[in-house]
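Could you build the full structure based on these sequences and the hints that come with them?
Protein chains: 2
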Amino acid sequence: MAPQLDPGDLVARARRGEPRAVARLISLVENASPQLRDVAAALAPHTGRAHVVGLTGSPGVGKSTSTSALVTALRRQGKRVGVLAVDPSSPFSGGALLGDRVRMQEHATDDGVFIRSMATRGHLGGLAWSTPQALRVLDAAGCDVVLIETVGVGQSEVDVVSLADTTIVLLAPGMGDGVQAAKAGILEIADIFVVNKADRDGADQTVRDLKYMISLGDRTAGDAATWTPPILKTVAARAEGVDDVVAALDGHRDWIDRTGERERRRLRRAESEIQAITLEQVRSRLGDVSGAATLPALAKRVVAGELDPYRAADELLTAISPG
Amino acid sequence: MAPQLDPGDLVARARRGEPRAVARLISLVENASPQLRDVAAALAPHTGRAHVVGLTGSPGVGKSTSTSALVTALRRQGKRVGVLAVDPSSPFSGGALLGDRVRMQEHATDDGVFIRSMATRGHLGGLAWSTPQALRVLDAAGCDVVLIETVGVGQSEVDVVSLADTTIVLLAPGMGDGVQAAKAGILEIADIFVVNKADRDGADQTVRDLKYMISLGDRTAGDAATWTPPILKTVAARAEGVDDVVAALDGHRDWIDRTGERERRRLRRAESEIQAITLEQVRSRLGDVSGAATLPALAKRVVAGELDPYRAADELLTAISPG
Numbered sequence: 006m007a008p009q010l011d012p013g014d015l016v017a018r019a020r021r022g023e024p025r026a027v028a029r030l031i032s033l034v035e036n037a038s039p040q041l042r043d044v045a046a047a048l049a050p051h052t053g054r055a056h057v058v059g060l061t062g063s064p065g066v067g068k069s070t071s072t073s074a075l076v077t078a079l080r081r082q083g084k085r086v087g088v089l090a091v092d093p094s095s096p097f098s099g100g101a102l103l104g105d106r107v108r109m110q111e112h113a114t115d116d117g118v119f120i121r122s123m124a125t126r127g128h129l130g131g132l133a134w135s136t137p138q139a140l141r142v143l144d145a146a147g148c149d150v151v152l153i154e155t156v157g158v159g160q161s162e163v164d165v166v167s168l169a170d171t172t173i174v175l176l177a178p179g180m181g182d183g184v185q186a187a188k189a190g191i192l193e194i195a196d197i198f199v200v201n202k203a204d205r206d207g208a209d210q211t212v213r214d215l216k217y218m219i220s221l222g223d224r225t226a227g228d229a230a231t232w233t234p235p236i237l238k239t240v241a242a243r244a245e246g247v248d249d250v251v252a253a254l255d256g257h258r259d260w261i262d263r264t265g266e267r268e269r270r271r272l273r274r275a276e277s278e279i280q281a282i283t284l285e286q287v288r289s290r291l292g293d294v295s296g297a298a299t300l301p302a303l304a305k306r307v308v309a310g311e312l313d314p315y316r317a318a319d320e321l322l323t324a325i326s327p328g
Numbered sequence: 006m007a008p009q010l011d012p013g014d015l016v017a018r019a020r021r022g023e024p025r026a027v028a029r030l031i032s033l034v035e036n037a038s039p040q041l042r043d044v045a046a047a048l049a050p051h052t053g054r055a056h057v058v059g060l061t062g063s064p065g066v067g068k069s070t071s072t073s074a075l076v077t078a079l080r081r082q083g084k085r086v087g088v089l090a091v092d093p094s095s096p097f098s099g100g101a102l103l104g105d106r107v108r109m110q111e112h113a114t115d116d117g118v119f120i121r122s123m124a125t126r127g128h129l130g131g132l133a134w135s136t137p138q139a140l141r142v143l144d145a146a147g148c149d150v151v152l153i154e155t156v157g158v159g160q161s162e163v164d165v166v167s168l169a170d171t172t173i174v175l176l177a178p179g180m181g182d183g184v185q186a187a188k189a190g191i192l193e194i195a196d197i198f199v200v201n202k203a204d205r206d207g208a209d210q211t212v213r214d215l216k217y218m219i220s221l222g223d224r225t226a227g228d229a230a231t232w233t234p235p236i237l238k239t240v241a242a243r244a245e246g247v248d249d250v251v252a253a254l255d256g257h258r259d260w261i262d263r264t265g266e267r268e269r270r271r272l273r274r275a276e277s278e279i280q281a282i283t284l285e286q287v288r289s290r291l292g293d294v295s296g297a298a299t300l301p302a303l304a305k306r307v308v309a310g311e312l313d314p315y316r317a318a319d320e321l322l323t324a325i326s327p328g
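Respectively, the protein sequence lines represent chains A and B.
Quick note on my numbering: the first sequence kicks off at 6 and runs consecutively.
Quick note on my numbering: the second sequence kicks off at 6 and runs consecutively.
Just so you know, these hints were derived from the structure itself, not from any lab.
Please note that the accuracy of each hint is not assured.
Simulated coverage check for chain B against chain A, where a stretch passes if three residues somewhere in it have a Cβ under 8 Å from a Cβ of chain A [unchecked claim]:
id, stretch
1, 47 to 58
2, 72 to 79
3, 274 to 283
4, 300 to 307
5, 311 to 318
When the alpha-carbon atoms are kept at most 30 Å apart in a straight line, the in silico DSS-like pairs for lysine-lysine are as follows [said to hold, decoys possible]:
id, chain 1, residue 1, chain 2, residue 2
6, A, LYS238, A, LYS84
7, B, LYS84, A, LYS305
8, B, LYS216, B, LYS238
9, A, LYS84, B, LYS305
10, B, LYS238, B, LYS84
11, A, LYS238, A, LYS216
Positions of the beta carbon are idealized from the N, C-alpha and C atoms, including for glycine.
Below you can see the structure in the form of structure tokens.
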């Protein structure tokens with residue numbers, strides 16, 4: 006076994022901060038390589054330290070600029086930072102046609118920053134499965150903070166960002182974003198609201214809209230240990246207000262540590278991760294089935310009306326079950 | 006067994022056009038009722054006739070207005086129409102806070118129109134599983150056309166809309182939508198482009214942008230039977246251009262019938278449906294596990310770093326396997 010392919014060695018090198026080892030490990034877990042299980046086992050003892058921050062918002066609110074400004078502010082504090090871009094509209098993510106990667110280039114040569122775009126073109130469960138795996142790598146590699154950037158519209162993105170310890174919901178004035186955010190169920194998952202582009206007309210109105218919407222929810226129900234999400238204003242392109250966001254992140258991390266909420270969120274994240282892997286295992290076995298119970302053969306009978314999809318699923322499940 | 010609960014009887018009544026029977030059947034399949042399998046079996050012989058049309062686009066392009074205008078135009082042709090709204094920002098869908106349902110109210114008393122909002126708050130696979138089931142009900146109930154309305158940003162929405170026979174991608178001038186659509190991978194799935202709000206400044210520019218982007222793709226690669234997506238302009242609020250969209254839908258349906266593409270899309274849809282049900286069955290069994298291999302117990306060990314999530318998934322899979 007060549008030394009660079011030994012998972013234990015790769016993990017040790019990643020923990021010493023070697024960017025290539027980190028990149029290699031993420032590729033191994035993302036591509037479900039044969040060594041995936043060895044990698045997962047080698048990572049397990051070293052995870053659980055990073056502050057996992059989700060950052061979400063509609064296209065156009067300035068997620069990429071904000072992510073970059075946050076990275077700069079966190080680096081100034083000497084923190085190691087990981088970025089996972091699972092936003093299909095992000096200039097960091099693979100799907101961008103016209104994306105400028107310029108903003109993040111200032112971080113490209115910084116060994117304390119790891120940036121990774123997650124593929125979003127895969128099947129529905131792919132993101133739910135691969136994102137936590139990449140997160141584990143960055144966590145084990147010693148990142149103090151891992152930012153997960155997603156566009157906050159689809160259910161899958163909401164699911165992914167809901168894995169975070171702290172979720173920032175980003176808005177911008179005059180886009181009706183408050184309303185859109187509320188519709189997409191984003192209000193419920195926000196720990197911190199940031200109104201970006203706060204130098205534009207309507208920023209104060211957006212803050213007022215948000216306060217009103219929060220007041221409609223029943224977030225204040227429950228014990229005295231309830232967290233009330235702060236509403237901050239930034240101009241990320243000029244780094245204005247970004248230190249306040251970092252302070253709010255620290256404040257929320259302290260709160261989840263103190264109240265046991267962090268442990269609850271980690272357990273929820275692990276449950277979701279195990280479940281996604283289990284489903285992924287089943288999905289991969291579907292491809293191994295041969296004979297009359299293959300997916301194409303069953304689909305043909307369903308299209309012909311000879312079989313309903315539930316009985317087809319029964320046949321598939323029987324075919325992939327061990328023993 | 007009470008007659009109104011007999012699946013065969015319900016399906017017969019749905020096929021006679023009784024709206025309550027249709028609504029009841031969709032509820033049965035959506036809620037995974039104990040009768041689900043009987044319902045699926047009773048539906049199977051009657052499906053495969055409807056023209057399944059996906060309609061997607063960013064928030065604000067006028068999806069709801071366009072859906073309503075399309076329903077009106079299709080009804081004028083005497084067609085039975087079903088609408089499945091899986092768009093979390095849609096005024097038809099359950100998640101709307103401030104949604105006006107007024108637009109669709111003109112159809113509320115029309116027995117030839119069935120409108121159903123699909124819940125989008127569930128888990129990641131929920132939509133992939135429940136939408137095709139509801140589609141089967143509307144199909145078996147004799148709908149000539151079923152419109153599936155989704156917001157075209159998240160991966161799950163793209164996956165759902167990709168189940169359609171014909172996919173309409175809706176844009177509006179001056180929103181940078183062309184770019185956003187391209188980023189979200191929507192260009193690839195469009196069979197028909199519609200630039201709505203075409204009375205606004207910039208509509209012609211949006212059409213030019215689209216033509217340019219299509220020219221960048223390699224959609225023309227392949228045989229002479231290649232479909233070139235038309236780009237149409239509408240003002241849905243005044244029903245302008247909607248008849249052209251209906252004509253384009255007919256044209257595309259004829260093309261997929263002629264080329265065998267419809268059969269291919271149906272097979273793909275059935276495969277995806279069987280797979281989603283299979284995964285859903287596995288997921289539901291996860292909840293039945295007891296003892297040391299329950300999800301919470303395994304999550305605890307993963308959070309503690311004692312177990313990696315892959316070995317946790319192995320334990321879960323073993324626990325749910327029959328025999």
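Right, here's what the structure says about each hint:
1. Residues of the stretch 47 to 58 of chain B with a Cβ under 8 Å from some Cβ of chain A number 6, which satisfies the need for three, so the listed coverage holds.
2. A count of 0 residues in the stretch 72 to 79 of chain B with a Cβ less than 8 Å from any Cβ of chain A is obtained; the coverage claim is therefore unmet, three being the minimum.
3. A count of 7 residues in the stretch 274 to 283 of chain B with a Cβ less than 8 Å from any Cβ of chain A is obtained; the coverage claim is therefore met, three being the minimum.
4. Requiring three or more residues with a Cβ within less than 8 Å of a Cβ of chain A, the coverage given for the stretch 300 to 307 of chain B holds, as 6 such residues are present.
5. Coverage of the stretch 311 to 318 of chain B by chain A holds. Counting CB-CB distances below 8 Å, 8 residues qualify, and the rule asks for three or more.
6. Proposed proximity of LYS238 (chain A) and LYS84 (chain A) is supported: the alpha carbons are some 23 Å apart, at most 30 Å.
7. For the given pair, LYS84 (chain B) sits about 28 Å from LYS305 (chain A) by alpha-carbon distance, which is consistent with the 30 Å threshold.
8. For the hint linking LYS216 (chain B) to LYS238 (chain B), the alpha-carbon distance of about 13 Å falls within 30 Å, and the restraint holds.
9. With a CA separation close to 28 Å, the supplied pair LYS84 (chain A) and LYS305 (chain B) stays within the 30 Å bound.
10. With a CA separation close to 23 Å, the supplied pair LYS238 (chain B) and LYS84 (chain B) stays within the 30 Å bound.
11. Distance hint between LYS238 (chain A) and LYS216 (chain A) is fulfilled; the C-alpha atoms sit about 13 Å from each other, no more than 30 Å.
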